[in-house]
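With the hints as your guide, set chain F onto chain W.
Those sequence lines, one after another, are chains W and F. Using the numbering used here, you'd call the opening residue of the first sequence number 1 and step up by one each time. Using the numbering used here, you'd call the opening residue of the second sequence number 1 and step up by one each time.
Because the hints were derived from the structure by calculation, they are not lab data. Any given hint could be a false lead.
As the list claims (entries may be wrong) - Using C-beta positions, here's what the derived DEER-type ranges look like: (1) F:Ala31 with W:Lys394: 55 to 65 angstroms; (2) F:Ser143 with W:Ser166: 33 to 43 angstroms; (3) W:Pro5 with F:Ser143: 50 to 60 angstroms; (4) F:Ser143 with W:Pro84: 30 to 40 angstroms; (5) W:Gly252 with F:Thr74: 30 to 40 angstroms.
What the hints assert, rightly or not - Straight-line Cα separation of at most 16 angstroms, EDC-like style, residue types lysine to aspartate or glutamate; simulated pairs: (6) W:Lys459 with F:Glu277; (7) W:Lys322 with W:Glu397; (8) W:Lys480 with F:Glu2; (9) W:Lys582 with F:Asp202; (10) W:Lys554 with F:Glu229; (11) W:Lys59 with W:Glu96; (12) F:Lys5 with W:Glu536.
To be verified - Footprint (simulated), chain W over chain F, 3 or more residues, beta carbon under 8 angstroms: (13) 128 to 138; (14) 152 to 163; (15) 198 to 212.
The structure displayed is predicted, hence computed values, not measured ones. No residue lacks a Cβ here, since even glycine has one placed at the ideal position from N, Cα and C.
Now for the letters of each chain:
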Amino acid sequence: MNEFPRWKYALVAVALFFGFLYALPNLFPKEPAVQISANRGFTVDTALKEKAQGILETKKIAFKSVELDGERLLVRLGSTEVQPTAAEALHEGLGEGYTAALNLASTVPHWLTAIYAHSMPLGLDLQGGVHFLMEVDQKSVLDKQEIQYSDEIAQIARDKKIPGVSVSRSPQGIVAVARSAADRDRLAVEVGKVAPELQISNGNATDNAFSLVAKISDVKLREIARDTIRQNVGTLRNRISSLGEPVIAQQGDSRIVVELPGVQDTVQAKILLGATATLEWHAVDPSSPTLAAEVARGTASAPADARLYYHRTSGSPHLLKKKTIVTGDDLVSAASIPDPTTGTPAVSMKLNAKGGQRMLDFTMGNVGKPMAVVYTERIPEVKTVDGKEVRTFKTKEEIISIATIQGVFGPQFQTTGLDSMKEASELALLLKAGSLAAPVDIVEERVIGPSLGADNIGKGVFAVILAVLLVVVFVGIYYKLFGLIADVGLLLNLVLLVAILSIFGATLTLPGIAGIVLTLGMAIDANVLICERIREELRNGSTPMAAISRGYDKAWATILDANVTHLIAAFGLMAFGSGPIKGFAITLAIGIVTSMFTSVMVTHVLVGLIFGGRRVKTLSV
Amino acid sequence: MELFKSQSNIDFMAWRKPSLIISAILVVLSAAIIFVRGLDYGLDFEGGAMIEVHYEEPAEIADIRAALDAAGFTGAVVQGLGTRTDYAIRIKPHAETASAAEPTAGSSEAKVATNKIAAEVLTALTKSRSDVNVKRSDFVGASVGEELREQGLVAVLFVILGIMAYLWLRFEWRFAVAAVASEIHDTLITVGIFALTGREFDLPALAAVLSVVGYSINDKVVVFDRVREIFRSSRKGEPYEILNRSINSTMSRTIMTGLTTSLAVGTLYFVGGPALENFGLIMLIGIFVGTLSSVFFANPILLWLGVSKQDLMPRTKEDPELAARP
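If we strip away everything but chain W, and leave its shape as in the complex, we get:
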């Protein structure tokens, strides 16, 4: 009665095999490293590898190895202390073409990574680093939108020859005052045509002032908020990739979490986070494309009124006129849409009244000629020169779109001929990033020193080991053989839990360790229930084998109820917020599930293997 079908043994064996396999990478400690990646136009190759090696040798910086790892170069170091000096030396020695970032390199053997077995990444509290919670200033986004719409309403009044209209902003929304009720109604109709996203209502009216109140609809406001967050996350990702392996995630409606493991210098990080982007529309120089290539090679010089730019995706050189047609400040909105006539991917753009006028003037004389959009990002840098802080800017300019002007247009136009909807939405996002750069406030900042991180992980691991040891010894003494079987189940539970957390790529944090300890302490409860039941059955006069069988049976109902309710509690923890508590709750929830497997099924199979074929008179429980 304590023997099982083959598949049950097989299932346990397979689960444990994979458990051990995927938990294994966590035994390989990560080592400090500097990661070098190439900027556009530069490549990572063996020549660079030798150069990096040379730099480190001349500067007498001890390193373990330099290896090519796909698109990047990985310099493994002996200790975290030399990490910053090595990064700085490499940054200076290799020049602007390369980015050197601090990193923790995996030492997991290749055959394990080949089957996607990775170790759990460590949370900031365990390895040190900076955590920022940033909030997008929604109010200023709203302000900017209202200013745009105010201009637009004033422009509509001028265009439609509605006399004496004055536009102002109030807490209720945009207020436009007309001279007569008829004028007001006409204005309402015209504004409604151009900007259907505005909610228009009649305001106060005196004998010669009839006001109209226009409010940006809630739907539109939410859309703007969502866009600003998305675009901020996108630009941040581009910007801080030079700082190692950052984590950037949206949290809620208006917040962004940025975590920079290993980084200690918050000043540099904050400056990077505050960088801004701008947009400019330029005419393409009519000279031949070959000239641009020659200028790029340095064999020819650009015309006096033109400048050389590179395309963001293709990297191809282009000569653009220096004169700016319109800038990102004039861009009201950009959205990716299928072209209404052909259905191909397109990006529709809308300029404000002033920008629309300029665009109209320009396109009237330039139909059939190409026009380009240049995206400029100014990334501030802080360097210490002679003991003084010097702030400089690193400017990144690139062409994000080149298109031929098909006809005369004003404020509303679209770019077609894009390859995919993905490309279209990327372009729209870049356009928005350059136009509505929303101010971001840092609402939470946590810096954890590397020594504290090391201290935390040391204490955490020690706590886990001690807790396991105490429980194992106690249970072993108390329940003898069955206690030892329970202990085996407990240790396997730890292995399975670590394996599943590793497979999910969960980050190991200090609360996560607390979750592991708590899970182990409570996982033994199932075995306690089983052992107590077996003892009871024996006291009631059951034969040993019947006692085991009934013990497991009767305990199962209780274990299930107890664990489901406990799981509900874990979900409650998981449901609110992110961050460390969520990690704890996930650990707890997975632990509850794995403990049901190891404490009940695995131990029962073990009992079956031990007692299966034998007739026993007494049980050691």
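Leaving out everything else, chain F in the frame of chain W:
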């Protein structure tokens, strides 16, 4: 080996009146401590700044206070972290505006001011001692903390209602009510005792409180399970007798699990370091309170609500069987 004699038959139910009265008094006292005196909410819930510093050579707490006062951080709280070289400096959100001589709170200027606190504190401290460095620094905006407190409350409610619904379905409404009443009882008393220690209530503390809810419900369900089992198998179905038998026969397990879990979370309290101390402590208190309440609170409530054999007989299974008989 036995920690609890298997043949014991202690009449726990005889003490139900005094034990319920004591429970009620403890709940009221705890609620008074929590709501009248208030919890000392940590940085996570209240906002402000916290800086942990390390000195190469031992430093005096008075000197640190003096250095901070001199720099204008009058509201700063300085705490030792076990050794004479490590200290935590806490600056509450109301204190920082007064100190930083910036425009009043609420404006974006105030936000910027709080943002710079860690750097300012370090400058202030390095003026008097140069061997100081920052181990960690935390800054949390007041609005973030406020939201977290609300979410915490929602989480506790969600857990309590979820457990109630499950027990209602699996057992019966009396069990659900008794369990939830014990949950509230355990949570309040645990937090109340914790408040007496004068420690700050931080995020790990909230996680611990919710884990206590999980542990304590676990404990109750085991006893309830036995109550149901004995009710179903016994002929007489005398509730008083059955509750006593259930408590006695699960007592060995109750003590054993309480001990193993205490061993585990106790290590967090004693060796887990300052970040996990609160978690371990609350769990230890919670396990103690939860274990006692399984015996002296949950079951007396069950008896008081009038649990009976009829309510626990599985209906769906028996009725068709009876109907099928000739």
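How the hints compare with the structure:
Range check, Ala31 of chain F to Lys394 of chain W: about 59 angstroms between beta-carbon atoms, so the 55 to 65 angstroms window is met. Separated by about 37 angstroms at the C-beta atoms, Ser143 of chain F and Ser166 of chain W satisfy the suggested range of 33 to 43 angstroms. Remark: the range hint 50 to 60 angstroms for Pro5 of chain W to Ser143 of chain F is upheld by a beta-carbon distance near 58 angstroms. A beta carbon spacing of about 35 angstroms between Ser143 of chain F and Pro84 of chain W agrees with the range 30 to 40 angstroms that was offered as a hint.
The hint said 30 to 40 angstroms for the Cβ distance between Gly252 of chain W and Thr74 of chain F, and at roughly 34 angstroms that hint holds. Distance hint between Lys459 of chain W and Glu277 of chain F is fulfilled; the C-alpha atoms sit about 11 angstroms from each other, no more than 16 angstroms. For the hint linking Lys322 of chain W to Glu397 of chain W, the alpha-carbon distance of about 13 angstroms falls within 16 angstroms, and the restraint holds. With a C-alpha separation of about 12 angstroms, the suggested pair Lys480 of chain W and Glu2 of chain F falls inside the 16 angstroms cut-off, and the hint holds.
For the hint pairing Lys582 of chain W with Asp202 of chain F, the CA-to-CA distance comes to about 15 angstroms; that is within 16 angstroms, so the pair holds. Annotation: proposed proximity of Lys554 of chain W to Glu229 of chain F holds, straight-line Cα distance about 10 angstroms (limit 16 angstroms). In summary, the hint linking Lys59 of chain W to Glu96 of chain W is not supported, as the alpha carbons are separated by about 19 angstroms, beyond the 16 angstroms threshold. With a C-alpha separation of about 12 angstroms, the suggested pairing of Lys5 of chain F with Glu536 of chain W holds against the 16 angstroms cut-off.
Only when three residues or more bring their CB closer than 8 angstroms to a CB of chain W does the claim for the stretch 128 to 138 of chain F stand; here the count is 6, and the claim holds. For the stretch 152 to 163 of chain F, the stated coverage by chain W is satisfied: 8 residues place a CB nearer than 8 angstroms to a CB of that chain, which reaches the threshold of 3. Coverage of the stretch 198 to 212 of chain F by chain W holds. Counting CB-CB distances below 8 angstroms, 6 residues qualify, and the rule asks for three or more.
Going through the hint list in order, the structure does not satisfy hint 11, though it satisfies all others.
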